[in-house]
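Asks: For reference, the chains in residue letters:
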Amino acid sequence: GAGVSQSPRYKVAKRGQDVALRCDPISGHVSLFWYQQALGQGPEFLTYFQNEAQLDKSGLPSDRFFAERPEGSVSTLKIQRTQQEDSAVYLCASSLERANQPQHFGDGTRLSIL
Amino acid sequence: RKEVEQDPGPFNVPEGATVAFNCTYSNSASQSFFWYRQDCRKEPKLLMSVYSSGNEDGRFTAQLNRASQYISLLIRDSKLSDSATYLCVVGFNKFYFGSGTKLNVKP
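The listed protein sequences derive, respectively, from chains A and B.
So the first sequence is numbered by this note's numbering: it starts at 1 and just counts up by one.
So the second sequence is numbered by this note's numbering: it starts at 1001 and just counts up by one.
Honestly, the hints are just simulated from the structure, not real lab data.
Don't take every hint at face value.
Some chain B residues close to chain A (C-beta under 10 Å, calculated; not the full set) [unchecked claim]:
1) Phe1011
2) Pro1014
3) Asn1027
4) Ser1028
5) Ser1032
6) Ser1083
7) Phe1095
Treat the numbers as computed from the prediction; the structure is a model and nothing was measured.
Think of the CB as a built atom: it goes at the ideal place given N, C-alpha and C, for glycine as much as any other residue.
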């Protein structure tokens, strides 16, 4: 079956532009996570959904970051007024049920802010 | 203090060697533990879960020491294809990743 799908794979934007990153989780997976990974670092938690409910957004670095999952499947991470420090790989992961089960990752979106 | 700490390496070992990585975590209430593997410019992939009693999957053995709050990964008979970064993951409501340990297996 299909794995976690993210788009676009690469995104280049000018500082100040808004960007939207999409994640299509594995079908039937209840939990969805967004992570930010800087070069040479492990993924850092951003936010977590269970179905359409955003249960934890404690990792979002600023109010410029917003995530939604309105129908409990596809999720979008939006970054407004992008800054250079937002440049990173944004990874989406999903798991079958509870948050503590193994997560399966998408390929990520590599975001570069010029 | 970071939630999860790993030695970044790199560990440079010859083919066939046995190599072990440790990872320490700070939250004693952590409930789930995993090792993920990440190849350069790729997404993390689940290598194995780590159970309290320890578990083995082929050449890979994972151990959990709750008293000392660390988990370990042992790789026997290293292959060239084992070269990657190994991420320690500790979960308590959400996942905390270590920065990864880089392994280079040389011919």
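Asks: Enumerate the violated hints, using their earlier numbering and listing them in ascending order.
Replies: Per hint list: 1, 2, 3, 4, 6 violated.
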